[in-house]
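K.L.:
Now for the letters of each chain:
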Amino acid sequence: MKFFKLYIILLAAFLAFSACKKYLSEEPKKQTSIQTAEQLEALINNAMLYAPDGTSNGIGGQNGSAGYSTDDTEIPLDAWRLNPNGKWTIDNIYYYTFKTDEIVGLSGDPIYAGEYKKIFTANLILFNIDKVTGDESLKNELKADAHFIRAYAYWVLANHFCLPYTAAKNGNELGMTLKTTIDYDESLTRSTIKETYDFILADLAEAMKTSRNDVDPVKPWRVSKKAIEAFLSRYYLFIGNYDESLVHTDNALTSTTAALVDYHTIVAGTQQNYTSPTASIINSEFYDYTAAKFLYWKEFYMPRFSYQSSQWLLPSTALRSLYDQANDLRFKWLMLANGNRRFTIVTPMLYRYSFFSDGRYIPTGPTVGEMLLNRAEVLARKGLVQEAMNAINILRAKRMNTAAPLAATDKDDAIKKVLEERRRELPFSFRWYDIRRFSVNDYPGDDVTVSRTFYKVNVGAVDTTATEVYSLAPGSRRYAVPINGVEIASAKGAIEQNKY
Amino acid sequence: MLDRRPVTDISTALQGLVPGLQAKENLDGSMEFLIRGTSSIYASRSPLVVVDGFPISGSDFSTINPNDVETITVLKDAAAASIWGARSANGVIVITTKRPRVGRDKMTVEINAFTKIYNNIDLDQVMSQANSADHVRYERLAFDRQLFFTTPYSPSFANITLPTTLAQEFIFANKYNGYSTARMNASLDSLAQINNRGQLKDNFLRNGIVNQFSINLSGATERTKTYGSLLYESKKDGIIKKGYERYLMNFNNQFQATKYLTLVFGANVQFKKTESSGPDIGEMQNLSPYETLLNPNGSYSVNLNSYNREQMALLPLDKFPYSDWSYNLLREVRGRDITNEQISARIQAGINVKILKGVDFDSKLQYERNKTDFSNYQSDETFFVRNIANTNVVYNNTTRVVGTQYVPKGGILRANSSNLESYVIRNQLNVNRTVAGVFNVNAIVGNELSSYLTTTQTNPWVYGYFPDKNQSTVPPFGFGSTGNTFTNFRGTTGQTLSGGNTVFGWGKDKYVSFYGNAAITYRSKYTLSGSARSDASNYITDDPKLRWSPLWSVGGMWRMIDEDFMKNIGFVDNLVVRLTYGKNGNAEKTTSTKPLLTVGTSPNVNTGTIVASIADNGNPFLRWEKTTTTNLGIDFSMFKRRLFGKIDLYNKLGEDITGNIVLPATTGTTSQKFNNAEIINRGIELELGSDFRLGKVQWNTTMTYAYNWNRVNKLFYPSYLAFQLVDPSTPVEGRPVGPLYSYTFLGVKDSIPYVAGPKGVPYAMNAVQLHNTGLGLDFLNYEGTTVPPHTLGWVNNFNAYGFNLMIVIVGKFGGVYRDPVFNFPTFVGSAKSNVSSFVNEVFNGNPLIPQFPKYLEPQFYLWDRYTPNLQGLVESSSFLECKEIDFEYNLPAKMIRSLQISSLRIFSQVRDIGMIWHANKKGYNPEWLPGTQRPVTAFTFGINAKF
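Residue numbers (my numbering), protein chains in the order written: chain A, 5 to 504; chain B, 32 to 978.
Everything labelled a hint here was simulated from the structure, so no lab data went into it.
Be careful, since some hints might not be right.
[Said to hold, decoys possible] Here are the computed lysine-lysine pairs in the DSBU-like style, where the Cα-Cα straight-line distance is at most 30 Å: (1) Lys402(A) x Lys223(A); (2) Lys272(B) x Lys25(A); (3) Lys625(B) x Lys541(B); (4) Lys302(A) x Lys213(A); (5) Lys33(A) x Lys402(B); (6) Lys727(B) x Lys129(B); (7) Lys34(A) x Lys625(B); (8) Lys625(B) x Lys223(A); (9) Lys137(B) x Lys977(B); (10) Lys135(A) x Lys977(B); (11) Lys304(B) x Lys232(B); (12) Lys541(B) x Lys25(A); (13) Lys232(B) x Lys135(A); (14) Lys625(B) x Lys33(A); (15) Lys26(A) x Lys625(B); (16) Lys539(B) x Lys26(A); (17) Lys496(A) x Lys625(B); (18) Lys780(B) x Lys55(B); (19) Lys460(A) x Lys232(B); (20) Lys33(A) x Lys576(B); (21) Lys460(A) x Lys885(B).
[Stated by the list, open to error] Part of the chain B face toward chain A, derived, beta carbon under 10 Å: (22) Lys206; (23) Gly639; (24) Ala795; (25) Gln964.
Just so you know, even glycine gets a beta-carbon here, dropped at the ideal spot from N, CA and C.
Model the full structure from these sequences, guided by the hints.
P.N.:
As structure tokens, then:
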């Protein structure tokens, strides 16, 4: 009897031991470990993780190059001198004056960290997609989404931290570190630019396997064949392959979802009134847009934004003079007169460029407008003057208050007119990328030297007693933004800094 | 000694009594313990608490009736702790509650009651805000020198959300609205005369009071032992509308059914209602020192909050849902009712079967339920409610027309609840036999299964709520959603109303353990013991094998006193040598071997879908944190307890400790937790006591002293950037946990302060590069540890003629801390800015810290990266404090016999008396720096009677 009891106890203990593997497999939280395709879809649907550049990791920074390193931006000397606290952070000034060491010394690089976080997320999805349960067609869509997110992120990185790419000349210059897994021990060594661009193309080919043909109006952040076509149009234009670019442009333009928005339909948003002296800022409706609105901007093939946390973009005199100021609705709604008052600067009067959400989000994703401009540019470069003008006049019809079709006399004039239109349509977003590619394409006539006079900039301070001329000329190795010092240090030598 | 200390929380009574038990006091007097130094960086550091054989969730002592506690044992070494399993690396506190003793075949009743009265809270200690004169003086200086980080206010509707302060209103009025400089100066001067602390004290503070009444009954017969207790306790905090009331019932019964079978049943039920409607210190601190609560005529005075008054006055307020959009803290507090009600029940049942002689089997079950209901009601007297109603309207500032109102008028009720359900099942076989007459074998083997389920539910907000009428109104346009968003009064689109969704939380922890231990004693002189245990929890891992912890220990004990050769040494009463060695485990549960997600519980407002984000990038090196402890101890007593004590030496080596590693962002994250650190703790613990008796006069004293040396080893950090290093929570290889580093201040040159960078080169505080990217070890000064390594407790007890006086003194030595310092406020001109009292050090020209920035200095906002971390602010945190004095009188037995009372004791206590000695120059209590709410001196009077 007594031994029988003992036996029961031992048996119970044994059974408990074998059952506990199952007992312990219930996870401590719901939906925490990756089990289903639905979870990965939720990750893809977190659109604001991918839409803006430069907001990641709590650095809360912004796209300094797009906002401050081009000739779209001008900080007048007296504006700084009279208002040294006028919300230009010293970080922005480093970008404005094309600094290298000082940018290396910043606390972090939001673009770099942000895009690599997107790449990690894409890699996480690709790593898990074949392991999770779920519908095969959903899995295929998610795979395409992940490949596109990764391709786009590498393109953004390459256009900041690598020199502008031409296959013929500099394919062996430093590219990006190509992370393709979620492993910490994957090599951090930088690839060549050619390898980086080939990688992007391979990812886009994978993304092209999506079954979604056109942009989903309910979830415009999900990849579609049309969105990839639009991005390929840009990809090929940037590496000077105009024939390929044109093919993809025209494919993209067959979208029935993405469409031009007629700027005549844009209405005023919240108006800001100031006293002593009195002034008003007449904002467009874009001022009041939150992500619930701007993610669905009708012109997008894919919502992507340049993030400007300072909200303080000052259009240069040269940029402003390109507009027919009385007739161009883009000037009316986006170039805000008295923009200085938004930052409590009374004198001098300054314009401020403001797109979505009080100027925080500047569209950079492929749009119908960009497609028309890409088409026009390729045609102009091929010498098809009238076709080029036709393409931009479609765009202008939706942008100008009264119709003002452009005409060009010859190929050079057409290229000039198309690029001016491009600058009017895409300031503070594409200018940085465009200046870089102009410097390496086969047409020296479009080269841009950004040059400005500003005060002497020391580490952490601006010396208003002396001025200097800062310029960024074609061929400059500063076209590649330096990689942040924390990154170089924490990689313990595995990541090579750009050479200057 | 425990029962001489009237407490509301049993942890309080342990302070100063146990060497190696570092106590950090909470505001309510309860303690957070750290046993033998820090053995983990990210996992829980608090010891495991075991009550009557069951670990209780958290380390929460609050559900234990302090009057029920019979003994408390603190287990520190591996052997003692390893049988309790996971988390035992942090030590174990074992509590046993009172049981009736057999043989006393009658009922005993004990009644204990006390009242504790607290001194008033000292607002000058609690609030670190400058006085009005300094406040105004700094605000003027900031304006004169234009020390603005963010864009200051300028008159515009868009700037309605820049509230500023009363003083700054005058300055802006002078700047924009033609308010003359002379009038501004006069107004500012009069503000500088106002001190709101008198009003704060009159309206918000009171003497805190605790009343505790406890009765317990116990009785025993041959076959049953029964114990029951009931406790009632109420507390009024030192701040109005804060406090609690609780009832705690405990019942325990042991029934010997047959010779072989014993049944045990216990139940513990607590009901607690807490109110927290009173003002927080933070809320009081948000008032400028010149902002009063009431005007001389008794009406509510203006407290600025959220909005700029100049702009608000321009609104057609009569068209808004509430024409009064003002804020006043007193009105806020009066208009709200924030409570929570907690019911917790713990039921224990057990069966013990004697199988053979000296062999028995124990099976125990504990079931615990905990339910807390939170309720936060704000009437429309509160700014909170009126602001929500007024904000969520369509408003056109050009036509000045108020359109759709999204929020119905009336109060708002927010309610949520949390539940805990847990069970623990334990089966254990006990062996206690004497073999061959000289060997005593004592062994147990068992297993344990437990599950802790916590669920939370946050209910949708109830709008338009009138509790007196029992009415509520659903918002007429719903709460808003993607595709149906609202516009607020400022024109911002994409808005929704708060509280539209029910939010659920769910978490379940499960554990399985197998354990056994055995001890063999030879002739009651030599004991050899060993234990082994393996725990597993349900944390997420690729490899289920990683779940199991390997815990084991071996030990030996030698009762030297029983040796023949000791017989000649007559002055020694007791001498025992102990030696143990073993491994304990600790689990850090926030990471997993693979990346984890956080998936939303309701559709995202931007996308209209469920969205997810990455919660953790994955820790492929995840495993149990293992701590190996060696302990050598000697217990002794000499000269008939004129000198007795314990000496313990230990060495604790923690391996596979989770550390946070800085990674290149290329990997997808800039930092990640990995199990790769090592922590060594070494120390000595001393307990020395003495008993003297001279007739009816008795003095006993016990002094406990502990020294803990610890060091973090093998922590892979590629670089210690200065900003990480100045944060004491950053572990540094080769330094103790909690290292403190400082900048060398090089003084001010041309109004710009400098610190020393690498090789002593001066770096301006105007740039953040040194702080953010400098390799700190090259130029920061190591000052010491923030965790004091030496701790001292000293209890003196005098007893004579029924009177007993006990004095408890505690001290901590060898640590460092930073004096708080003035941090140049960056939001002057654009927000309700606060100026701290330490501004007077800058006014007084303290040479150890930066002076005020020059006119238009744009970079001053970066100074706060450096200023708090300057060398001159580091001071020794050593102190000696008289913690409490207890005085009691036991009435002589013959006096009370006629009352049928077996003992009657009246007692009193003074607690938190003050520091006897401190090393720092400023007279601070380093554990309670200015700006923290610390325990205040309390006086207790009570009575205890046994029948």
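K.L.:
If a hint holds in the structure, say so; if it doesn't, say that too.
P.N.:
Here's how the hints hold up against the structure:
1. Proposed proximity of lysine 402(A) and lysine 223(A) is supported: the alpha carbons are some 25 Å apart, at most 30 Å.
2. Note on lysine 272(B) and lysine 25(A): the hinted pairing is violated, with a Cα-Cα distance of about 50 Å set against a maximum of 30 Å.
3. Proximity of lysine 625(B) to lysine 541(B) is assessed by CA-CA distance (about 20 Å); at most 30 Å being required, the pair is judged to hold.
4. Between the alpha carbons of lysine 302(A) and lysine 213(A) the distance comes to roughly 24 Å, so the proposed pair stays at or under 30 Å and holds.
5. This hinted pair checks out: lysine 33(A) and lysine 402(B) have alpha carbons roughly 20 Å apart, not beyond 30 Å.
6. Using a Cα cut-off of 30 Å, the hinted pair lysine 727(B) and lysine 129(B) holds, with the two alpha carbons roughly 29 Å apart.
7. A distance of roughly 15 Å separates the Cα atoms of lysine 34(A) and lysine 625(B); the hinted pair therefore holds under the 30 Å criterion.
8. Between lysine 625(B) and lysine 223(A) the alpha-carbon distance is near 29 Å, which keeps this suggested pair within the 30 Å criterion.
9. Note on lysine 137(B) and lysine 977(B): the hinted pairing holds, with a Cα-Cα distance of about 13 Å set against a maximum of 30 Å.
10. Restraint check for lysine 135(A) and lysine 977(B): not satisfied, since their Cα atoms lie roughly 68 Å apart, outside the 30 Å limit.
11. Distance hint between lysine 304(B) and lysine 232(B) is fulfilled; the C-alpha atoms sit about 25 Å from each other, no more than 30 Å.
12. For the hint pairing lysine 541(B) with lysine 25(A), the CA-to-CA distance comes to about 11 Å; that is within 30 Å, so the pair holds.
13. For the suggested pair lysine 232(B) and lysine 135(A), the alpha carbons sit about 63 Å apart, so the restraint of at most 30 Å is broken.
14. Distance check on the hinted pair: lysine 625(B) and lysine 33(A) sit about 14 Å apart at the alpha-carbon level, within 30 Å; holds.
15. Taking the CA atoms of lysine 26(A) and lysine 625(B), the gap is near 19 Å; set against the 30 Å cutoff, the hint holds.
16. Note on lysine 539(B) and lysine 26(A): the hinted pairing holds, with a Cα-Cα distance of about 15 Å set against a maximum of 30 Å.
17. For the suggested pair lysine 496(A) and lysine 625(B), the alpha carbons sit about 25 Å apart, so the restraint of at most 30 Å is met.
18. This hinted pair does not check out: lysine 780(B) and lysine 55(B) have alpha carbons roughly 42 Å apart, beyond 30 Å.
19. This hinted pair does not check out: lysine 460(A) and lysine 232(B) have alpha carbons roughly 54 Å apart, beyond 30 Å.
20. The hinted pair formed by lysine 33(A) and lysine 576(B) meets the criterion: a straight-line CA distance of about 20 Å does not exceed 30 Å.
21. Proposed proximity of lysine 460(A) and lysine 885(B) is supported: the alpha carbons are some 20 Å apart, at most 30 Å.
22. Interface hint at lysine 206(B): satisfied, since its Cβ lies 8 Å from the closest Cβ of chain A, which is below the 10 Å cut-off.
23. The beta carbon of glycine 639(B) is positioned within 10 Å of a beta carbon in chain A (closest approach about 8 Å), and the interface hint is therefore held.
24. Hint status for alanine 795(B) relative to chain A: holds, with the closest Cβ pair at about 6 Å, below 10 Å.
25. Among the interface hints, the one on glutamine 964(B) is violated; its C-beta lies about 30 Å from the nearest C-beta in chain A, farther than the 10 Å criterion.
In terms of the numbered hints stated before, the structure departs from hints 2, 10, 13, 18, 19 and 25, listed from lowest to highest.
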